[in-house]
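With the first letter of the sequence shown counted as 1, position 67 gets the number 68 in our numbering; the numbers rise by one all the way through.
It is worth saying that the hints were derived from the structure and are not from the lab.
Quick reminder that beta carbons are idealized off the backbone N, C-alpha and C, glycines included.
Incorrect hints may appear among the rest.
To be verified - Across the chosen pairs, the derived CB separations fall in these ranges:
(1) Gly-39 to Val-201: 35 to 45 Å
(2) Gln-125 to Ser-244: 35 to 45 Å
(3) Thr-219 to Asp-156: 29 to 39 Å
(4) Ser-38 to Cys-162: 19 to 29 Å
(5) Pro-126 to Pro-225: 14 to 24 Å
(6) His-124 to Cys-162: 34 to 44 Å
(7) Gly-241 to Val-154: 18 to 28 Å
(8) Val-136 to Gly-53: 15 to 25 Å
(9) Ala-33 to Leu-102: 17 to 27 Å
(10) Ser-259 to Pro-126: 37 to 47 Å
(11) Thr-230 to Thr-35: 16 to 26 Å
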Amino acid sequence: FGSSCCIAVMASSSSSAPPATSGLKAGLWSGAATFTSGQVAPLRWVLALESGRMGISAFGSCFEATLEDPPQVVRTLRGQCDANGRVELREATDDGTQEVLVCTWLGTLGVVDGTTRITGAFHQPSGDIGQFAAVLEEPSPAHTSGLWLGSCVPDPSVEACPVNPVAWVLSLFPGTPAGEHTALGCGFFDDAGDIPGTPVLYFVLRGTCSPDGAVKLTKVYCQPVPGLTVEYEGQHDGQGAISGTWSNAFEQTFGTFSCKLKR
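My request is simple: use the sequences and hints to build the entire structure.
So, in C-alpha cells, the structure goes:
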C-alpha cells in the first residue's frame with residue numbers, strides 16, 4: 002500500500018467462500034452481523050485488503066454496528082489478510098486516552114459468482130458472538146471508493162517538512178443527506194519515527210463531499226497522538242482524482258495535495 006495507508010475489516014477461516022484471488026481488494030463493503038440472540042446489525046466498511054502482504058495487510062474505517070439508522074460513530078479496522086485469504090481484524094475506537102477494542106472479526110476473503118466477499122464469525126469483549134458477511138460493492142453513482150494514492154507537498158515557505166505520501170482507503174458519498182458523513186476513510190504510517198516504540202500511527206478520515214465534487218476532510222490521528230488533526234480541502238474531478246490544499250494548525254504547516262483512485 003505504501004508507507005501511509007487507510008481502513009480495514011476482519012475475517013475467519015470458518016467461511017465456505019472459495020479462496021480469493023491475490024491482489025488488492027479495496028473499497029466500500031456492505032453487509033450484516035447476526036448475533037446469536039437473533040439481532041441483526043448493518044455493516045458498512047471502507048476497507049483495503051492485500052492478501053499475503055508483509056506487515057499490515059488489512060486496514061480501514063467503519064461505522065459502528067448498530068440497529069440505529071444512520072450509524073455515525075467512526076471506528077478503525079486493523080489487521081491481517083494472509084495469502085490464503087484468511088482475514089483477522091480488530092475493530093477499535095478511541096476514547097481520547099486509549100485505544101478500546103470493540104470487536105474481533107475472523108473470516109475468509111473469497112469470490113462467489115464474481116462477487117468479492119468476506120464471511121466468518123465475530124466476538125466482542127462483552128461476550129457477544131455471531132456470524133457476519135460483507136460484500137465489496139461495485140462502482141456506482143452513489144459512491145466513489147477504493148485506495149487513493151498520491152502525495153502531500155509542503156508549501157515552499159515551510160521548513161523541515163517532508164513530502165508525505167497519500168495512501169488512503171476512502172469512500173465519497175456525494176448524494177448523502179446533509180448532516181451525515183459523506184466522506185469516510187482510514188490510513189496509517191508504518192514508518193513513523195516521531196514516537197519511540199510506536200512505528201505505526203493510524204488515522205481516520207471523515208468529512209464531506211458535495212454533489213459538485215467539493216471535498217473537505219479532517220484527518221484525525223488515533224492513540225498515541227490523540228487530538229492531532231490535518232485539514233484537507235479539494236475538488237474531486239468525477240474521474241477518480243482529488244486535488245487541493247492541506248493545513249496542520251498545530252505544527253503550523255500547510256501545502257498542496259493530490260491523489261488518484263487506483264483502478
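Taking the hints in turn, this is what the structure says about them:
| no. | hint | result |
| --- | --- | --- |
| 1 | Gly-39 to Val-201: 35 to 45 Å | holds, 38 Å |
| 2 | Gln-125 to Ser-244: 35 to 45 Å | holds, 41 Å |
| 3 | Thr-219 to Asp-156: 29 to 39 Å | violated, 20 Å |
| 4 | Ser-38 to Cys-162: 19 to 29 Å | violated, 51 Å |
| 5 | Pro-126 to Pro-225: 14 to 24 Å | holds, 21 Å |
| 6 | His-124 to Cys-162: 34 to 44 Å | holds, 43 Å |
| 7 | Gly-241 to Val-154: 18 to 28 Å | holds, 20 Å |
| 8 | Val-136 to Gly-53: 15 to 25 Å | holds, 22 Å |
| 9 | Ala-33 to Leu-102: 17 to 27 Å | holds, 21 Å |
| 10 | Ser-259 to Pro-126: 37 to 47 Å | holds, 41 Å |
| 11 | Thr-230 to Thr-35: 16 to 26 Å | violated, 36 Å |
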